[in-house]
Each structure stands twice: as structure tokens, then as C-alpha cells.
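Enquirer: Okay, here's what each chain looks like letter by letter:
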Amino acid sequence: MNAIRGESLSKSFQHYQVLKGVSIEVARGECYALFGPNGAGKTTLLRIFATLHRPSAGSFEIMGMDGRRERTKVRALIYMIGHGSYLYDDLSVKENIQFAIGVRGWNPTDGEIKKALDQVGIGRFARLRSRYLSAGMKKRLSIAKALLIRPKVLFLDEGYASLDERGVEMMNECIRAFTKAGACVLMTTHDRGPTAEVADRVGVLNRSVLREMTVKEMVAADALF
Amino acid sequence: MHFFSVVRWIAWKDLLSEYRNRENISSMFFFALNVILIFSFSFSLDPDTLKEIMPGIIWVAFGFTAIIGLGKSFLIEVNNDCMEYFQCLPVPKGAIYLGKFLGNLLFMLTVEVVLFPLFVLFFNLEILDQFLPLLLISTVATIGLSALGTLFSALTVQIRAREVMFPILLLPLSVPIFIGAVEATRGALSGDPFSMYRHWIELLGVFDVIFVVVSFWIFEFILDY
Chain A
1 MNAIRGESLS KSFQHYQVLK GVSIEVARGE CYALFGPNGA GKTTLLRIFA
51 TLHRPSAGSF EIMGMDGRRE RTKVRALIYM IGHGSYLYDD LSVKENIQFA
101 IGVRGWNPTD GEIKKALDQV GIGRFARLRS RYLSAGMKKR LSIAKALLIR
151 PKVLFLDEGY ASLDERGVEM MNECIRAFTK AGACVLMTTH DRGPTAEVAD
201 RVGVLNRSVL REMTVKEMVA ADALF
Chain B
1 MHFFSVVRWI AWKDLLSEYR NRENISSMFF FALNVILIFS FSFSLDPDTL
51 KEIMPGIIWV AFGFTAIIGL GKSFLIEVNN DCMEYFQCLP VPKGAIYLGK
101 FLGNLLFMLT VEVVLFPLFV LFFNLEILDQ FLPLLLISTV ATIGLSALGT
151 LFSALTVQIR AREVMFPILL LPLSVPIFIG AVEATRGALS GDPFSMYRHW
201 IELLGVFDVI FVVVSFWIFE FILDY
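Residue numbers (this note's numbering), protein chains in the order written: chain A, 1 to 225; chain B, 1 to 225.
Excised from the complex, chain B in its bound form:
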């Protein structure tokens, strides 16, 4: 019971801080907006070709937005030595990880929910029929990205070259997530039946479980060195 209360308190603290300063979410949003604008003005393609390349554009925007947002997620804990307070807490450190992960996941999903209408607007996408599958793909892929991003943010926050190290660690391990997300998104945008791309979503789900469980376990050693 106390375990979940810690998770809730940490997610609450992160969301409230972000709501008040909007530092992270605004930089994520404006970066993604730039990506959308650049791609929309670069290509003037027919609808079929657009559907082919659209999954790539969407996940380039989401992926790099994740790097910007998740990389900074533990900076808030370094100010005023809050990491030290976490270290001293008589709770399993995995609860702290899950709290941070939950906060990051909600940030990411919020940004993605705001960005999707912009994709529709700038690329004339017709996704109303595919809204639910796209939401599912987006959520499942973002869980994996947030799980890894939270872990590597904690791992790199104390080092001087964190802005270099964070993407170096995150991107190679995120490859299976991006492959699964792009393939599933392509299926959804092409209007394929759900069963045709369901296996990609299941694959993403498997990676989510692996990344969350392993990160949860490793976090104990990161914080309690």
C-alpha cells in the first residue's frame, strides 16, 4: 500500500511542478511543432506516398521529443539535493522509479495528444476511423520510451556530459520500439484490419514489460550506490 502511495506522491509532485513551470512540456511541444512544420513544407506528396512516410515523420517527432523531455526529467531531483532525500527514504527505490516513470509517461502522452491534431492539420490525414488503434500504438510505444528514458535520465543526471550520454544510451535500446511503432502506425494509417498489425503492438507490449521490469530492478542500484 505504501509502495503505491510513494508512486502516486512522486508522480503528483512531477506533474504539479511541470504544470507550474511548463519548462519541459513547452520545449517538447515546440520542438515537435518545428519537426511537423519542416516536414509539411518539405514534402508535397500524393496521399498514398504520404501514408507510406507518415509513420516515420510521426515517430521522428515523438522520438526526439522524448529525448528532449525525458533527458531532463531527473534535473528537478538534482536541484536542492532531492536525490539525496530519495536515497534516505525507507522505501523500495523501485517505487521512486515507477513514480518518475508515470509522470514522464503522462507528459509524453499529453504532448502526443496535442500533436496528433497538428499532424492531421498539416498533412491532411484522415485518421478518424483509426483514432483508437493509433492511440493504442502511441500509448504502448510511449510506455517503452518512458521506461528507458526515466532509467537513463537517472543514470546520466549526475554526469557532466549528460546531454551527450543520454541519447547515446537511449537511442540504440529504443530501436525495437521505433520499429514496432512505425510498422504498427503504417498499418493503422493504411486502413489495414487491426489483425494485420496487431503483432507489432504485441511486440511493443513485450518490450514494455521487459524495459519496465529491468529498469525497476536496476534503479535500486543506481540510487542506492
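So that you can see chain A by itself, here it is in the shape it has in the complex:
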């Protein structure tokens, strides 16, 4: 069974049609990287799968569940690391994690939180208020949340943005850990180098045409679009 299946998805904002009849399938345990020029609709596609946008037309399934009708069930299986950090400035790093996981119905122990924060390299900042975190540290904190939530489907919207070299390596380690555990990762990115290390398949979205290619082809290509 596919983890993600989108069929003939379209989305318009006012008169501008961002997506027109895009179909995509991503298997369980697979990392799929989505490239494309700015405004191609990569983020919009991710947000449709993350149930943040309703498609204007078409259908999609997450882990076999209808993304339009079974939204709450779908939401229990997914996690999105987007452009927003989803953090509260006046809560500490640890409190932000406690809150983000707590509202999903699970209270991680201090040890589990510490382990996740250490894994992403921000363990020593656990008591720091999140307003003082840099963009890269906020991204690492989002990854720590994902590690604790353990979603079946992880969406990364420009996952490498704001991360330093070590952060990019750490992100890739996490992606490998997710896919090894059978989760599916769908990411939008512009960074071919680090993506080549983890992606199983690559798609280039341009003017609502999704052109699939192998990782080797992606690395060898002079320009993707």
C-alpha cells in the first residue's frame, strides 16, 4: 500500500491555478524529494497532503485513508515541518516540546525529551526560552518534535533551510531513521547535494507537470527545470 497517493490534484488561489491535475504516489519507507521552481506548487501540494489546504479538485489518500473525509485520522499519522516553527516565544524549549506532544495526547518523560533534544544537538538549551533560538535551532527543535511524535508520514517543506552543515547531516540521519522504521518522507527542496544522500525518488514539479527521475539522473542533470 502507498503511504501517499494523490490523484489529479488541482488547487487555485483566486484566479491563479497553482496545481492542475497533479498525480503522485509515495510508498511506505520511501523518501521522495520534490524539486521545482518558486511558485511551482510544491508547498501547496505538501499542504494539501498535510490537510492544511483543501484541493479544488482531485483526491488523495494517506496510508489508505481518504484525506478529504477522514481528516482527523489522517492528522494522527502525519507531521509537517514547514516554514513556521510552531513555537511559543515565552515557553522554554522543553516546555514547547511538552506542549506540542501533550496536545497530541502523549506526555513524554523528561528522559525521552532529553534524548530527542540531544539527538538534534540542542540538549543544552532545554531551559532556554524559544524566543532566543536561531532559525537553525528552531528547525532542529521541530525535528526533535518529529522524533518524539514518530509520524507515519513526514512532510518537510524545504527541510534543509536554515540548517548548518552538521544540521543538514543530522536532518539526513533523521530521514534515514524515519524511512528505516517504515515511515514515508515527502520533502520539497532546492538542495540537490544533501537530497541525493537520502532520497529514493525524485520529482520535478513545473507548471503542474510532475517529471519523475532517479537520484542519479537528478545529480547528473545540469539543470532540473
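Honestly, the hints are just simulated from the structure, not real lab data. Heads up, some of the hints might be wrong.
Pairs of lysine to aspartate or glutamate, EDC-like flavour, derived with a Cα cap of 16 angstroms [to be verified]: (1) B/K51 / B/D129; (2) A/K138 / A/D90; (3) A/K138 / B/D224; (4) A/K73 / B/D224; (5) A/K73 / A/E61; (6) A/K216 / A/D191.
These numbers come from a predicted model, not from an experiment.
Starting from the known structure of chain A, fit chain B onto it as the hints suggest.
Expert: Relative to the frame of chain A, chain B by itself:
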């Protein structure tokens, strides 16, 4: 069970954030303090006349304080795209509403508890005998104000003219609350027996139930558009 855990987590987050930054509560308090000072220096009335106009002064202060405080209650969710995180949560959105409502209610009651002694001090009120009825009136009226304020704060937080739209939406619907609160407060301050103004408190209770239930139901559509 998980439903109430979400309510608790959201109220906890709001209270902790407010405790740390004190942005909302201090602006509410100082606004109300100004109202009290202006009215206390404007009128030098005999005790009977004062008891007649006092309910109006009290609820002008509380009402406009509510507009200041409640109008900003969802701003914290817009920073860092936290609304998006709420949208993605696999929980009934009503639980998020109730959490925000509970947080707002506690803010409002805290401000009111601090303000009551100031009314006593500046207007020479003798309310010791009527303390419990006044507390009840204040709580019941504040529940209704918080219920509406939380809903309209969520509704207007994403629009540019939110500071204009919020009172435009809140004030007309709050009229029954203000009428009930002023009438019940007048009864309490005049030393009337409780049975004489009990029907106003019951009316407030009915509006509370209506406002909380309707807002709870509408919130699902506001957040999950």
C-alpha cells in the same frame, strides 16, 4: 479524556506565557485603573446616587478591559504559525476553543479580582456583605464575555483590520451580558435580597451556555476552513 487533556494543555500554555510576558494582563489592568481614576475624580456624589451609577462604572471598566485583553488572545497563535499546528492536530477543534476560553476566563477574573479592591478604595464602597454575590455576578458575566471574545478573537486574528472588527463583532452580542451584569450588580450593591436580582444571574447563565455551546460548535469551521 484526551479532549480534556488538550483543554488543559492549551490553558496551561496561555497562562504560562502570560505569566512570563505580562503583556496582556498589564495593559488590561492599567486601562481599567485609568477608567477608575477618571470616574472617581469626575464624580463626587452622595452614597445613594453612587450606588445607582456604580454598576455602570464597574462594567464599563470590565467591558473595555475585556476588549483589550480578549482581542489579543489569538495573536500568540499567529506568531510562528501556531494556528497551523492547531489545524493539523488530530483533536476536535472545540477542545482548542475551550482551552483558549479557559485561559481567557482566568485572565479576566484575575484582573477583576485585582480591580474590585480599587473600586472599594476610590469610591468608598461597602461591599463586604455583598462580596459573594458580586463574585458570582462577575464570574457569570465574565464567562459570557470570554466565550464571545475568544470566538471573535479567533475569527478576526488573521484579518488586517482586526482591531476595528473585534469590538464591532463583540459589543453588539455582549449587550445582554452587560444588561444582566449591570442589573444584578445594582441589586447587590443596593443590598437587596439575593432573590430580588437572582433572575438576572440566571439570565446571564443562560447566555453563557448559549455562547459557549455555539462558539464551541462554530470554532471547528473557523479553524478547519
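Enquirer: Which of the numbered hints above does this structure break?
Expert: Violated hint: only 3; rest satisfied.
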